[in-house]
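With chain H fixed as given, assemble chain P onto it according to the hints.
Chains as they are written, first to last, in the UniProt record's numbering: chain H, 1 to 407; chain P, 1 to 440.
Keep in mind that the hints were calculated from the coordinates and are not lab data.
A virtual CB, placed ideally from N, CA and C, is assigned to each residue, including glycine.
Be aware that one or more of the hints could be misleading.
Some but not every residue of chain H turned toward chain P, in silico, with C-beta under 7 Å [unchecked claim]:
| no. | residue |
| --- | --- |
| 1 | Arg78 |
| 2 | Met79 |
| 3 | Val104 |
| 4 | Phe202 |
| 5 | Ala296 |
| 6 | Gly300 |
| 7 | Lys352 |
Ranges of calculated distance between the beta carbons of each label pair, as one might list FRET restraints [said to hold, decoys possible]:
| no. | chain 1 | residue 1 | chain 2 | residue 2 | range |
| --- | --- | --- | --- | --- | --- |
| 8 | P | Arg218 | H | Asp101 | 20 to 26 Å |
| 9 | P | Ala375 | H | Asn385 | 55 to 61 Å |
| 10 | P | Asp97 | H | Asn364 | 28 to 34 Å |
| 11 | H | Asn364 | P | Arg218 | 30 to 36 Å |
Below are the chains, spelled out letter by letter.
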Amino acid sequence: MANLEASKINHDTHLLLDQPLLRLPYELLRKNFRSARFVTEKDAEFVKNKLAETAKGSLDGKSSPEDVVKNLDVMLARMRGLKRKLSTYADEETKLYRQIDARVAHLRELSDMHTVEDVKYETWSRRRLDRLMVDYLLRHGYNASATALVDERGMQDLVDIDTFVAMSRIRASLLGGSVTEALAWCSENKKGLREMHSNLEFMLRCQQFIELMRTDSPSKMNDAIAHAKKYFPPFNDTYPTEVSVMAGLLAHRPDTEVEPYAECYSAERWSRLADAFVDAHNKLLGLPSFPLLHIALSSGLSALKTPACHGSQPTSSSRPGHSTSLTTSVCPICSTELNELARNVPYAQHSKSHVESDLLLLPNNRVYGKARLEEYASKAGLGPNQVKDLVTGEVYPSDKLKKVYIT
Amino acid sequence: MENLQKALAQTNKTHRLSSAVDNVDKIIELLTAAREQVVGALDPHTTSLTITKLQNPTKSAFDAVHENMQKVSTAHRKLGKALDKHFPLKPLPSDHDAMADHPALINRAIAMHLLREGQFSVASTFIEEAQDDTAHHNPYHRTQPDDTPSVDLDESMDEDGADPDAKASPSATASSPGDGQDLSSLQSQELQTRFSEMYSILQELKARNLVPAIEWARANSSELETRGSNLEFELSKLQYVWLFKGPTVNGLPDDESNGRAGALAYARRHFGRFQGRHLCEIDRLAGAMAFASNIPASPYRDDFAIDGAFSDVASSFTREFCSLLGLSAESPLYIAATAGALALPQLVKFMAKTRTKGTEWTTANELAFETPLPARMMYHSIFVCPVLKGQTTESNPPMMIPCGHVLAKETLQNLCKGTRFKCPYCPLEGQIKDARQIIL
Numbered sequence: 001m002a003n004l005e006a007s008k009i010n011h012d013t014h015l016l017l018d019q020p021l022l023r024l025p026y027e028l029l030r031k032n033f034r035s036a037r038f039v040t041e042k043d044a045e046f047v048k049n050k051l052a053e054t055a056k057g058s059l060d061g062k063s064s065p066e067d068v069v070k071n072l073d074v075m076l077a078r079m080r081g082l083k084r085k086l087s088t089y090a091d092e093e094t095k096l097y098r099q100i101d102a103r104v105a106h107l108r109e110l111s112d113m114h115t116v117e118d119v120k121y122e123t124w125s126r127r128r129l130d131r132l133m134v135d136y137l138l139r140h141g142y143n144a145s146a147t148a149l150v151d152e153r154g155m156q157d158l159v160d161i162d163t164f165v166a167m168s169r170i171r172a173s174l175l176g177g178s179v180t181e182a183l184a185w186c187s188e189n190k191k192g193l194r195e196m197h198s199n200l201e202f203m204l205r206c207q208q209f210i211e212l213m214r215t216d217s218p219s220k221m222n223d224a225i226a227h228a229k230k231y232f233p234p235f236n237d238t239y240p241t242e243v244s245v246m247a248g249l250l251a252h253r254p255d256t257e258v259e260p261y262a263e264c265y266s267a268e269r270w271s272r273l274a275d276a277f278v279d280a281h282n283k284l285l286g287l288p289s290f291p292l293l294h295i296a297l298s299s300g301l302s303a304l305k306t307p308a309c310h311g312s313q314p315t316s317s318s319r320p321g322h323s324t325s326l327t328t329s330v331c332p333i334c335s336t337e338l339n340e341l342a343r344n345v346p347y348a349q350h351s352k353s354h355v356e357s358d359l360l361l362l363p364n365n366r367v368y369g370k371a372r373l374e375e376y377a378s379k380a381g382l383g384p385n386q387v388k389d390l391v392t393g394e395v396y397p398s399d400k401l402k403k404v405y406i407t
Numbered sequence: 001m002e003n004l005q006k007a008l009a010q011t012n013k014t015h016r017l018s019s020a021v022d023n024v025d026k027i028i029e030l031l032t033a034a035r036e037q038v039v040g041a042l043d044p045h046t047t048s049l050t051i052t053k054l055q056n057p058t059k060s061a062f063d064a065v066h067e068n069m070q071k072v073s074t075a076h077r078k079l080g081k082a083l084d085k086h087f088p089l090k091p092l093p094s095d096h097d098a099m100a101d102h103p104a105l106i107n108r109a110i111a112m113h114l115l116r117e118g119q120f121s122v123a124s125t126f127i128e129e130a131q132d133d134t135a136h137h138n139p140y141h142r143t144q145p146d147d148t149p150s151v152d153l154d155e156s157m158d159e160d161g162a163d164p165d166a167k168a169s170p171s172a173t174a175s176s177p178g179d180g181q182d183l184s185s186l187q188s189q190e191l192q193t194r195f196s197e198m199y200s201i202l203q204e205l206k207a208r209n210l211v212p213a214i215e216w217a218r219a220n221s222s223e224l225e226t227r228g229s230n231l232e233f234e235l236s237k238l239q240y241v242w243l244f245k246g247p248t249v250n251g252l253p254d255d256e257s258n259g260r261a262g263a264l265a266y267a268r269r270h271f272g273r274f275q276g277r278h279l280c281e282i283d284r285l286a287g288a289m290a291f292a293s294n295i296p297a298s299p300y301r302d303d304f305a306i307d308g309a310f311s312d313v314a315s316s317f318t319r320e321f322c323s324l325l326g327l328s329a330e331s332p333l334y335i336a337a338t339a340g341a342l343a344l345p346q347l348v349k350f351m352a353k354t355r356t357k358g359t360e361w362t363t364a365n366e367l368a369f370e371t372p373l374p375a376r377m378m379y380h381s382i383f384v385c386p387v388l389k390g391q392t393t394e395s396n397p398p399m400m401i402p403c404g405h406v407l408a409k410e411t412l413q414n415l416c417k418g419t420r421f422k423c424p425y426c427p428l429e430g431q432i433k434d435a436r437q438i439i440l
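Bound conformation, chain H alone (with noise of 0.2 Å):
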């Protein structure tokens, strides 16, 4: 039977879903070094530096003993501050070996279980629905909900919910017209913002220069101008248009009805940063662009869907409503839950009937299995040669049943 062979686990593919998993709390790992290392060798250069100077001046004997301790006192604060930054990097790093941790165990589970049917499974299932529907709800900003259900379910190392909320705050900061903590965190990724050749920080500062010219005063016009002088140069080779535009723009007043400027004064600006904000995040740390629940429910109503599903009549399969307590269970996808959100996805292909054996026809045309038909004509109370129709109701002789063949 194919149906033996669906329901092994694939262990090769079954963790596409899951890669973002593991490969987010080992890109942050890098990224916490880079910017441990940073500060490590800036303050260790410093105090070698200085601890060297002061060794030369007090050899030299042009500095007294109280400017060594002067400078002595100056090492030790830099280096009580390397400590305490470098104790939070090691904080972070600590958990987040915790969580890589965690979370290989998690995926370890799988590898004992061969098929779906497996009762451990279905356990392991409602836990990855679960990380997918936190993934889900963090990336709209539903921080609240994710963290009860993250509590709820006690799967902390299993979600990262820091990574998105620090997200959607520079998101949220962005909407509300901000571009501080967006340009912070531009500095934070410099490197790697430089290597995916976003054009982020470009146009953080273009929307910095639209806001001096919004206020359309002359004295913030002069602003500006410094500002495009201090800041726009780095791009002059690489979006030659946009700063000729930007420069354009210095002779167009917020009102302006010219193309593209206009545009540029436009409010709807500041979404499209915090869109192009979401998407060099995600792109940076290796995220896919969209939630994965949206993923997994694409290719799932696809994969469950029939034509039946939006079908104008009932089938004689189940639907709710018509369905008899007889068939196994409600199609997920006929639910209300699904229902609508599946009408614009493909049904799945099919190369081989699947219906039940010893079908049987009704007089008004539909067909049931004789097993179904028999069960329902008992429970309904019905003399030895009689059935019911499991959707309509009817009550037939048995001698008016037809077999059918499905090849």
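For chain P alone, kept in the frame of chain H given last:
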């Protein structure tokens, strides 16, 4: 995954940033000690001596910090390699997000999932947050086309005495597109009440108290009967058996409403209404009275084996309860996500193939590849025309020809010579007017 776990266990726990912190601590100690010496003496000679002496140990301590950093970096790189080797990155579908246009519908599906899972507080937090979101012109969503249709739960929700046909097709109750948003139409309060009712009844069933379930079944007996469910009788029957077993087994008070006498009284009171449909079973239950002393050796032992009976009625109760709400018994979101994970490899494979060929992913009616699912995830009968090799649809329905074979309508039209055709599977010939459209 095992290999990855091993690789992870092998990473040296000392190659962490915390060891760098220890070395920084050492430098602080060195500096503090030197400072004390300088402050203590405050003469140029001791000062220059101390400072000079300080040079080498600090240098080596800084080198140690540097070395720590190197080791941490190496450990990370090793982990990265292990990841690449044992969990290689595979591309996910990323160019086409069919779900992006329907955040409202997804939100609703999630809210309903949370409710049916009994996560009432999470659900209410979520509904609040999501409604806030839409109320404030959703600052978190990308600019969405505002045509997401909403489905009213009303119809399928009001089950008491509702015309069963009204619940027939929840899709038909979809209100006009653009009319209101998602969660407000969810009537979460209503749904929550229903599901908490379901959970409390299930709780009682688990504690082997059938009464609330029987009451529910009786209140909904006409709908249940239309569905051909004999849940009410099954519950009553179990109650009879349960009473019959007496106080030693069921732990109920030992009075006239318990034990054999209680069971008999219960049967007299309640079984009358089941006589039409379940006379035979009632006879058996009553007949068992005669064998009360040694049921296990009697022909009635199967009726009185109650080991799995409680969990059986609990699962059929859940199914009936959800069905009366127009919902499937298992969470559709769970099924869909699981099916999604199972079908995803096929999608990824297909994408890789079409990408090399340069063909486009299209949202045609039918998926371009097969996504085999386990049998329990197939909910509808599927008929694939043996000649056309495609599924029948509403516009191309299955037709049964007089010999009993089934073909798609289009096939039949193509086979026809005039008004007659020959069955491709047997020697019989038929006339087109004798073919009947069937409903599978």
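How the hints compare with the structure:
At about 9 Å, the closest approach between the beta carbon of arginine 78/H and any beta carbon in chain P exceeds 7 Å, and the interface hint on this residue is violated. With 7 Å as the threshold, the beta carbon of methionine 79/H comes within range of chain P, its nearest partner Cβ sitting at about 5 Å, so the hint holds. Taking 7 Å as the C-beta contact cut-off toward chain P, the hint placing valine 104/H at the interface holds, the least distance being around 5 Å. Of the supplied interface hints, the one on phenylalanine 202/H is violated, with its beta-carbon coming no nearer than about 21 Å to a beta-carbon of chain P, more than 7 Å.
With a least beta-carbon distance of about 4 Å to chain P, the hint placing alanine 296/H at the interface is held under the 7 Å criterion. At a threshold of 7 Å, the smallest CB-CB gap from glycine 300/H to chain P is about 3 Å, leaving the interface hint in force. Here the hint on lysine 352/H is kept, as its CB sits about 6 Å from the closest CB of chain P, short of 7 Å. Our hint of 20 to 26 Å for arginine 218/P and aspartate 101/H is violated, since their Cβ atoms are close to 53 Å apart.
Roughly 32 Å separates the CB atoms of alanine 375/P and asparagine 385/H, a value that falls outside the hinted 55 to 61 Å. One distance hint, 28 to 34 Å for the beta-carbon pair aspartate 97/P and asparagine 364/H, is violated here, with the actual separation near 43 Å. A C-beta distance of roughly 32 Å is found between asparagine 364/H and arginine 218/P, which places it inside the suggested range of 30 to 36 Å.
Checked against the numbered hints given earlier, this structure breaks hints 1, 4, 8, 9, 10; the rest are met.
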